[in-house]
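*Asks:* Spelled out, the chains give:
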Amino acid sequence: MTLLKRFDDAEKDSRAAASHLLLNWLSDDDARARLYVELGEPPRVLKFQSRADVKERTWHDGDSSFRQNVYLLAAPSHVKAALQNKPPFSNAPYRALGSGTFMLGLDGVDHDDQRNFAYHCLERDVRIVQALSNVAFQAAAALPLKQRSFDLVELSEQAAARFVGFLFGFEQADHVLIEQAMRKAYRGLNFLILGRHFVSEPGIIDEASRAMGALLIRTAALIDLYRAPIGRHQEDEFKKIDLELKELQIWEDRHGRRPLENFIPVLRRIAAHGKGHQYSGAELAVIVVGMIAGTIGNIQASVSIAINEFFQDPDVWQLARDAALKSWQADPDYCHAPELERLIGEALRLNPPAAFLPRKALQDVTLDGTKIDGGSMLIVAVGGATLANGGPDFRKDPPKLDDLIFGGDASDHPHQCIGRHLAMPVVTHAVRQVLMLHGLAQTFDPRTGALLRLEKLWGFNCREYPLEFTRSGLLVQSPLIVIMRVKTPVSVHAEELKKVIKYGAPRIEKKLRDSRHVHFASFIFLENDTKLALYTVYDRDFDAYIEHFALAIGPLFDRIFEHIQDAPPLPVNEFPKEFVDVIRRHNAAPAAGYFFSAYPKATVAMIAHQFAQDGT
Amino acid sequence: VSAPASPDWAQVQRLVVQGSTLHRSWHFLLRARHPGEARRFIEALVHEKLISYASAREDAPVGGCELGIGFTYRGLQHLGLPWEYLRLFQEKAAAFAEGACRRAAQHLADTGASAAHWWEPCFHPDHAHLVLTMHADQADELRQCTQTLKSLPGASGLTDWAAPLEASHLTDQRQYRTVHFGLRDLIASPAIKGFHPRRKTMHEPGEFVLGYRNDHEFNPWALHPSPSGNLWLPPLSAVKPNFFWNGSFGVLRKMEQHEREFRCYVARWAKKLGVKEEYLRAKMNGRWDNGQRVRPGESEPPPNPAPGELDDFDFLDDPEGKGCPFGSHIRRMNPRSDNSVVPVRRRPLIRRGMPYGPLYDEAKERGKPAPPRGLLGVFFCASLEDQFEHLLAEWGDANPLGPDNRGNAKDPFIGSHIDPKSVFDIPLDGEKLCQLEGFEPFVTTRGTLYAFFPGMAGLRMLGESH
Chain V
3 MTLLKRFDDA EKDSRAAASH LLLNWLSDDD ARARLYVELG EPPRVLKFQS
53 RADVKERTWH DGDSSFRQNV YLLAAPSHVK AALQNKPPFS NAPYRALGSG
103 TFMLGLDGVD HDDQRNFAYH CLERDVRIVQ ALSNVAFQAA AALPLKQRSF
153 DLVELSEQAA ARFVGFLFGF EQADHVLIEQ AMRKAYRGLN FLILGRHFVS
203 EPGIIDEASR AMGALLIRTA ALIDLYRAPI GRHQEDEFKK IDLELKELQI
253 WEDRHGRRPL ENFIPVLRRI AAHGKGHQYS GAELAVIVVG MIAGTIGNIQ
303 ASVSIAINEF FQDPDVWQLA RDAALKSWQA DPDYCHAPEL ERLIGEALRL
353 NPPAAFLPRK ALQDVTLDGT KIDGGSMLIV AVGGATLANG GPDFRKDPPK
403 LDDLIFGGDA SDHPHQCIGR HLAMPVVTHA VRQVLMLHGL AQTFDPRTGA
453 LLRLEKLWGF NCREYPLEFT RSGLLVQSPL IVIMRVKTPV SVHAEELKKV
503 IKYGAPRIEK KLRDSRHVHF ASFIFLENDT KLALYTVYDR DFDAYIEHFA
553 LAIGPLFDRI FEHIQDAPPL PVNEFPKEFV DVIRRHNAAP AAGYFFSAYP
603 KATVAMIAHQ FAQDGT
Chain G
34 VSAPASPDWA QVQRLVVQGS TLHRSWHFLL RARHPGEARR FIEALVHEKL
84 ISYASAREDA PVGGCELGIG FTYRGLQHLG LPWEYLRLFQ EKAAAFAEGA
134 CRRAAQHLAD TGASAAHWWE PCFHPDHAHL VLTMHADQAD ELRQCTQTLK
184 SLPGASGLTD WAAPLEASHL TDQRQYRTVH FGLRDLIASP AIKGFHPRRK
234 TMHEPGEFVL GYRNDHEFNP WALHPSPSGN LWLPPLSAVK PNFFWNGSFG
284 VLRKMEQHER EFRCYVARWA KKLGVKEEYL RAKMNGRWDN GQRVRPGESE
334 PPPNPAPGEL DDFDFLDDPE GKGCPFGSHI RRMNPRSDNS VVPVRRRPLI
384 RRGMPYGPLY DEAKERGKPA PPRGLLGVFF CASLEDQFEH LLAEWGDANP
434 LGPDNRGNAK DPFIGSHIDP KSVFDIPLDG EKLCQLEGFE PFVTTRGTLY
484 AFFPGMAGLR MLGESH
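In order, the protein sequence lines correspond to chains V and G. Using the working numbering, read the first sequence as starting at 3 and increasing by one per residue. Using the working numbering, read the second sequence as starting at 34 and increasing by one per residue.
It cannot be assumed that every hint is accurate.
[Stated by the list, open to error] In the DSS-like style, the derived pairs of lysine-lysine whose C-alpha atoms are separated by at most 30 Å in a straight line are:
| # | chain 1 | residue 1 | chain 2 | residue 2 |
| --- | --- | --- | --- | --- |
| 1 | G | K304 | V | K328 |
| 2 | G | K309 | V | K579 |
| 3 | V | K82 | V | K362 |
| 4 | V | K603 | G | K454 |
| 5 | G | K304 | G | K454 |
| 6 | G | K355 | G | K304 |
| 7 | G | K233 | V | K513 |
| 8 | G | K309 | G | K465 |
| 9 | V | K328 | G | K305 |
| 10 | V | K579 | G | K125 |
| 11 | V | K513 | G | K125 |
| 12 | V | K49 | V | K7 |
| 13 | V | K7 | V | K362 |
| 14 | V | K579 | G | K233 |
| 15 | G | K465 | V | K603 |
| 16 | G | K273 | V | K579 |
| 17 | V | K579 | V | K504 |
[Said to hold, decoys possible] If you want the footprint, here are the derived chain G segments under chain V, 3+ residues with CB under 8 Å:
| # | region |
| --- | --- |
| 18 | 67-80 |
| 19 | 190-203 |
| 20 | 246-252 |
[To be verified] Among chain G residues calculated to face chain V with C-beta under 8 Å, some are:
| # | residue |
| --- | --- |
| 21 | K125 |
| 22 | R135 |
| 23 | R301 |
| 24 | A303 |
| 25 | D350 |
| 26 | L434 |
No lab work stands behind these hints, which were simulated from the structure alone. All residues carry an ideal CB built from backbone N, CA and C; glycine is no exception.
Kindly produce the complete structure, drawing on both the sequences and the hints.
*Replies:* Pasting the structure below:
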């Protein structure tokens with residue numbers, strides 16, 4: 003039975019049940035694709051019952067009603083018609099997120115004007131965008147790639163937020179603000195577009211508006227600051243931000259070139275642009291925040307979608323890996339990767355990051371026999387159109403990016419430009435770097451054994467994508483910080499411990515030297531001798547490292563553990579596995595998982611061999 | 034109850050410590066649809082004495098069929114093994130409890146085309162509960178044995194009998210087995226104290242069989258309350274420790290070998306370096322095709338060695354890797370007495386693999402897709418983490434810590450090579466530099482399964498209380 007037949011049958015019994023069915027299909031990649039095919043041939047508009055309030059905001063006049071007809075447009079011709087940015091289709095639904103000047107919510111001339119101005123102020127030098135993508139990814143990866151498991155959605159969100167921060171000229175301390183605002187805005191936007199028609203999440207749109215508001219305030223303040231800092235306080239702040247910009251501008255690639263030397267962030271361009279004065283500070287901020295909202299969400303979703311899609315088919319995965327490697331070998335700094343871009347484009351065609359767009363029908367309109375009442379909400383399923391736009395063979399076709407992929411209509415030049423020239427380089431760079439990680443793999447649920455894929459709420463809001471990689475490919479050393487509580491009375495046991503360490507030192511020294519996999523080791527008494535900390539830096543496998551010491555100097559550890567609370571079973575060399583467990587439990591991770599090494603790939607053995615060869 | 038000092042070998046499954054010299058093997062990966070029925074089936078296996086246990090007789094019963102049985106962690110859960118036992122597995126054998134799929138990327142270096150999510154369905158988590166492994170000389174004998182098993186009480190509670198994993202030797206000489214890539218096989222096998230005849234290197238039973246001391250003089254499966262208590266273990270009074278004793282952890286690993294790519298690679302580099310293909314293959318492997326290890330200064334294979342010489346050696350006379358390179362397959366997978374590998378710990382592994390697919394025939398296969406071929410590896414050890422996984426992840430996927438290996442390539446045979454610029458270093462006398470590059474994966478993992486092969490008492494307990 004076709005999905006539409008099932009939907010129609012369900013509607014006869016209960017419209018709510020039919021809507022529920024629809025949400026289930028939209029949330030599932032396979033079912034959604036089937037639904038789009040059915041809605042495309044012959045073209046059909048799907049009318050369903052929405053749970054969203056007919057009032058945009060609770061304080062608006064009029065009565066609330068939670069049963070309105072909403073129309074899902076997925077047939078390619080319908081999608082194109084609705085995205086023409088012309089009456090009777092309007093962008094009005096976006097207005098719920100912010101003021102009347104919120105860019106996405108504007109129609110016609112206002113909308114075009116703002117976009118065109120914004121577009122003029124954007125960086126368009128490919129080299130600069132590529133270099134910024136590189137710097138942003140490195141900044142985003144500094145923490146997550148110190149661990150063997152990471153969340154790709156978070157990593158790509160961080161890369162996008164860092165990129166946006168650099169590109170627009172925010173202060174680095176604004177990163178948290180950008181991140182928070184965008185997370186809430188993305189969530190709110192997704193709810194506004196699709197979620198609210200199926201589920202209730204009171205307050206979520208208000209929360210998004212507030213978060214966007216905070217970023218608006220900061221953006222407006224920065225534009226003013228860049229126009230002319232007034233007073234000592236602003237001058238100091240300007241100097242601080244200027245210093246950050248200079249740091250960015252002197253960034254050097256592997257060949258000692260400085261591609262960012264003449265880079266000027268967007269907010270500074272806006273502030274300096276003569277035409278900028280025709281808009282108020284608030285309007286300019288609205289434009290910027292609008293651009294940021296779209297950019298970050300799309301980058302984050304695109305990176306996650308592309309990697310998830312590559313993992314579906316070993317051949318495609320291999321093609322993507324080869325393309326990434328080829329591009330990386332040609333130039334590790336600037337990601338020029340047309341083949342990879344083509345594969346990403348294909349992945350995004352199957353699952354567009356801006357999967358649904360909201361529109362409103364201003365007057366009655368009939369599409370292929372279905373009458374849409376004036377004033378009704380529409381959901382435009384971009385994927386319905388992109389899915390039908392597949393080339394004969396994406397592996398061979400020249401690079402092509404469907405105009406619809408990043409949302410907006412094909413004639414919307416600035417929008418397309420942001421997608422193609424700003425978002426796509428960041429996406430491609432991030433995808434390439436992730437593909438280059440040694441031993442990149444998807445993970446399995448520890449409890450059920452099920453493969454963990456990209457988790458998307460309602461089929462498009464990327465939530466989580468746990469991946470893992472071989473950490474030692476990037477960083478071979480690890481810190482071990484074991485903090486153990488000294489037995490009471492502390493004064494007695496701490497003294498005994500000091501004696502053990504003192505007389506045991508020669509033996510510890512010899513064993514550490516012989517082990518050839520420990521870089522540094524020290525003991526530290528903390529908090530008035532109530533705790534004993536062992537700090538070491540070792541190579542590669544934790545279990546093998548710890549077990550080795552249980553077996554090599556077990557008796558010495560026995561003497562230490564006599565004075566420690568919660569000791570493992572003794573003697574240690576009889577119970578090395580239990581010893582490893584205790585050390586694992588007491589191992590305090592460094593703050594935020596941050597660990598620096600000046601020589602991340604050198605093992606003790608390699609260093610020792612090198613010294614031996616040099617005769618030192 | 035404390036375990037005896039050494040195993041009663043007649044309680045240990047034959048395949049684990051003795052192996053098989055028979056020509057063919059079938060491995061059934063079965064699901065227990067009805068746990069009660071499956072237990073009845075196990076009881077019948079025990080009652081009919083169908084499982085082969087180790088014996089002092091070295092020669093195989095020609096004309097018969099040897100049978101071994103193992104259980105996945107999910108299988109033990111499904112069969113209703115009490116939680117105290119499962120908890121002990123979780124604590125003491127985390128890899129077994131988690132299953133090979135979850136361990137694949139980090140601990141088995143199975144990524145790229147070898148990634149677990151692309152493994153054959155029978156290896157997916159939660160698929161197989163029980164492994165029946167069967168050896169015989171003739172396919173008819175295997176079929177007959179299968180019929181016998183399927184007619185046992187409770188057999189109807191098990192599914193997936195239809196498609197066993199099949200393997201068969203490429204030669205019919207029991208003393209001279211080979212595997213694909215033209216290599217001699219079944220020559221390296223650890224000798225166990227109290228079971229095998231005396232050799233230069235002997236291992237404690239605890240390296241392979243649960244419940245005994247290992248080479249490092251501790252017994253992880255002693256299961257007696259420790260002097261200072263061991264709070265995170267379940268109440269041991271509820272556990273009969275002999276469930277674990279004499280059991281062993283088995284690994285079933287299907288590795289597809291891309292022989293054409295391998296041969297082309299060797300031919301290309303042999304030509305480039307002006308050496309014979311066999312020489313290059315020997316340097317990559319660490320052994321000549323006839324199985325003799327490569328000694329410093331050798332450029333030709335020595336005459337066929339006596340079987341005893343093939344495995345009874347160490348690398349003390351080759352400290353710089355000028356015979357057997359540090360990066361070669363056998364020196365990684367078994368550094369023997371090479372104490373430069375740190376952390377110092379022996380990691381012996383019992384290998385019981387058998388090839389599948391036809392012998393490579395270049396002329397016949399030219400221009401056609403290669404038929405699937407490879408190795409159906411079967412391995413045994415007492416600790417999957419310390420032995421099997423350490424070999425693959427720490428010694429195969431990366432350079433073993435310690436030796437002065439100037440190369441950075443992964444294991445040349447089984448490595449999941451991704452960086453074409455990585456280098457395999459062949460140290461030679463003098464200044465001559467001999468390095469290989471441009472590796473591609475010659476082996477793709479098609480699946481891995483972890484199973485517990487219980488001793489006689491353990492199997493009996495699993496069959497009880499249905």
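*Asks:* State the violated hints by number, sorted upward, taking the hints as numbered earlier in the document.
*Replies:* Violated: hints 2, 18, 19, 23, 24, 25.
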